[in-house]
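Please build the complex by placing chain B on the supplied structure of chain A, with the hints as guidance.
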Amino acid sequence: MTMSTASPIGMTSNTNAEPGFGAALQSEWTKLRSIRSTWIVVSLAIGLSIGFSALFALVSGLTHESWNDDIRAQFDPILTTMGGMLFGFILTIVLGVTVVTSEYSSRMMRTTFIANPHRNQVFAAKATVVAMLGVAISVITIPGMFLVSQPIFGYYGLETASVTDNDATRFLLIASLLQGLFYTLIPFAFAWLLRGAASAITFSIGFCILPWMLTPLVPIWVQENVFRYHPDIAKDSLFGVVEADATTHLAQAPAILVIAIWMTGLLAAAAIVLNRRDV
Amino acid sequence: MITATGLTKRYGSTAAVDGLTFEVKPGIVTGFLGPNGAGKTTSMRLILGLDKATEGTVTVNGQSYRDKRVPMQEIGALIDPSAVHGGRSAYHHLLWQAQAGGLPRGRVDEVLDMVGLTDVAGKKVGGFSLGMHQRLGIASALLGDPPVLLFDEPVNGLDPEGIQWVRTLVRRFAAEGRTVFISSHMMSEMEQTADHVLVIGRGHLVADVSMSEFMQRSAHSHVRIVSLRAHDLTPFLEAKGALVTNGTPNELTVTGLDAAAIGAIAFEQGIPLNELSTQRASLEAAFMELTYDTVEFRADRGPTPDVAFA
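Going line by line, the protein sequences match chains A and B.
The opening residue of the first sequence carries number 1 in the numbering used here; numbering runs sequentially from there.
The opening residue of the second sequence carries number 1 in the numbering used here; numbering runs sequentially from there.
Bound-form chain A, shown alone:
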């Protein structure tokens, strides 16, 4: 290793032009793309989701003739293709959290705010970059899961749906966009508040995924007055996962409002705390 003492260190012309949001975006994207773990998580999210959906479709195809009426009634040519979605969601949550927590654990967050002390700008740039990557993942996985399952359903004589069906198109478009945003930005907010990867990931999984599982276990009045306004349940209403006559169903406009309020509220809380606390 040679060291150069000869290179002149003159004062380069300092432009003094404020870097701006574009520079912050570029910087955050460089951070995200330059570590291998980002791409491992992305590949696993896509691969495991689509792979597991195919497997789920295969199992459905092989066993459907022995289904009882209840299970047969639950089958839906669109929604049953989403069998692998849990992998995608959990890995997307990991991405949304680690984009923040890896900087706290390595203490690199200090370097970040030394390079750019405008905390809201850094916050917004990180949010944008990780949300876009999350949407890229869901734009590939959700249609991917759908398309890989249809031929398998058809082969075994189950009801199929086509991409050109109105219901299917609507679902795929909304889900691709919303799942990517939801499973990155909400964990992102928790990550700033909690600062630790393990706690933020656990909390995010609990918040984003458990309510759907817990709904049948709680009293009706809790379902109607509390769970209905949880953003994950509202999202399920939007997708038609929650039946129109179910206790937790919300019409389209209120559902969108609930999701929007929760997401902006959590992000705002995270940004406020970031501005006030020491790095």
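Watch out, some of these pointers could steer you wrong.
[What the hints assert, rightly or not] To give an idea of the chain B side of the interface with chain A (calculated C-beta under 7 Å), a few residues:
1) TYR11
2) LEU48
3) ALA83
4) HIS85
5) GLN99
6) GLY102
7) SER212
[What the hints assert, rightly or not] Every beta carbon over 12 Å from chain B, so not counted as near; a handful from chain A, in silico:
8) ALA198
9) PRO211
10) VAL222
11) ALA246
12) ALA253
13) VAL258
14) ALA269
No lab work stands behind these hints, which were simulated from the structure alone.
Glycine is no exception: its CB is placed at the ideal position from the N, C-alpha and C atoms.
Showing chain B alone in chain A's frame:
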């Protein structure tokens, strides 16, 4: 120029730094000295806007850090060189910083060359040695070619060539008119590098003087004698008004008389000397004496020294 006025940071009821008022001027190297836990790192974090002061202010060129539009082009900092993501290459680590500061990509190659890391630019930082981490940190500070430099322990982990390189770099920056603020524990190195010292102890400013004044003021030069008949010599020296302290059985430390006078007395009395040497004041001695009372964490080093030993 870095200016602090009444700078105070409290955590609960303890003040990490309390009422600090100082000015770090351009054109010289200012050393920031203090025992562990004295508040050096807290002070630097306050300067860089990482922590919010409880009271008081600190500005860089008249402006607080968080109000600056392009801070990287005004002040370059080396705070914690190991604060990097191990899976990222050195090049990308500098690239994201350059981009955040609105600097051109070419700057990354330039600073890598300046610190001698061009050959390992593509390697993951996790595999770097301590010295390489330091150099990467210095490279980060130099990205914006700033007129103010803030270094927290820059020579930590460097080999002698590296230490000399940093010293040359830092002195050159000061000669160019930049403001250079360095905190360090390596007293022998600081002695050769800094022109002015700020000494901090338990959050308070203990000294703010030029290096030469600091060393003169605090530590006394003395004469060291090694002789097989050292104890015989003592009464004769004390008779002439010297203060004599015993070290190991054959060793004496004498203040109040110079080497020539002691040699003459020993010759008169026929006492052979194995060693007669003048110990000049050292920064380490001056520092230890000044901050003895303020050290927070100290291993047991035996009885209180009443004369600073070089």
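Okay, the hints, checked on the actual structure:
The interface hint given for B:TYR11 is violated, since its Cβ lies 9 Å from the closest Cβ of chain A, which is over the 7 Å cut-off. Evaluation of the B:LEU48 hint against chain A yields a held restraint, the C-beta minimum of about 5 Å falling below 7 Å. Against a cut-off of 7 Å between C-beta atoms, the interface hint on B:ALA83 holds, since the closest Cβ of chain A lies about 4 Å away. Taken as an interface hint, B:HIS85 checks out: its beta carbon lies about 5 Å from the nearest beta carbon of chain A, inside 7 Å.
Of the supplied interface hints, the one on B:GLN99 holds, with its beta-carbon coming within about 4 Å of a beta-carbon of chain A, less than 7 Å. Below 7 Å, beta-carbon pairs count as interface contacts, and B:GLY102 has one with chain A at about 3 Å; its hint therefore holds. Violation of the interface hint for B:SER212 is found here, the shortest Cβ-Cβ separation to chain A being roughly 27 Å, above the 7 Å cut-off. With a least CB separation of 18 Å from chain B, A:ALA198 remains clear of the 12 Å interface cut-off, as annotated.
Look at A:PRO211: its CB is around 34 Å from the nearest CB on chain B, clear of 12 Å, so calling it non-interface holds up. Interface exclusion of A:VAL222 from chain B stands, the closest Cβ pair being 40 Å apart, more than 12 Å. Remark: the non-interface label on A:ALA246 is consistent with the geometry, its nearest Cβ contact in chain B lying 45 Å away (cut-off 12 Å). Annotated as non-interface, A:ALA253 keeps its C-beta farther than 12 Å from every C-beta of chain B; the closest such distance is 40 Å.
At the 12 Å boundary, the C-beta of A:VAL258 stays outside the reach of chain B, the nearest C-beta of that chain being 35 Å off. At the 12 Å boundary, the C-beta of A:ALA269 stays outside the reach of chain B, the nearest C-beta of that chain being 19 Å off.
When each numbered hint is compared with the structure, violations occur for hints 1 and 7.
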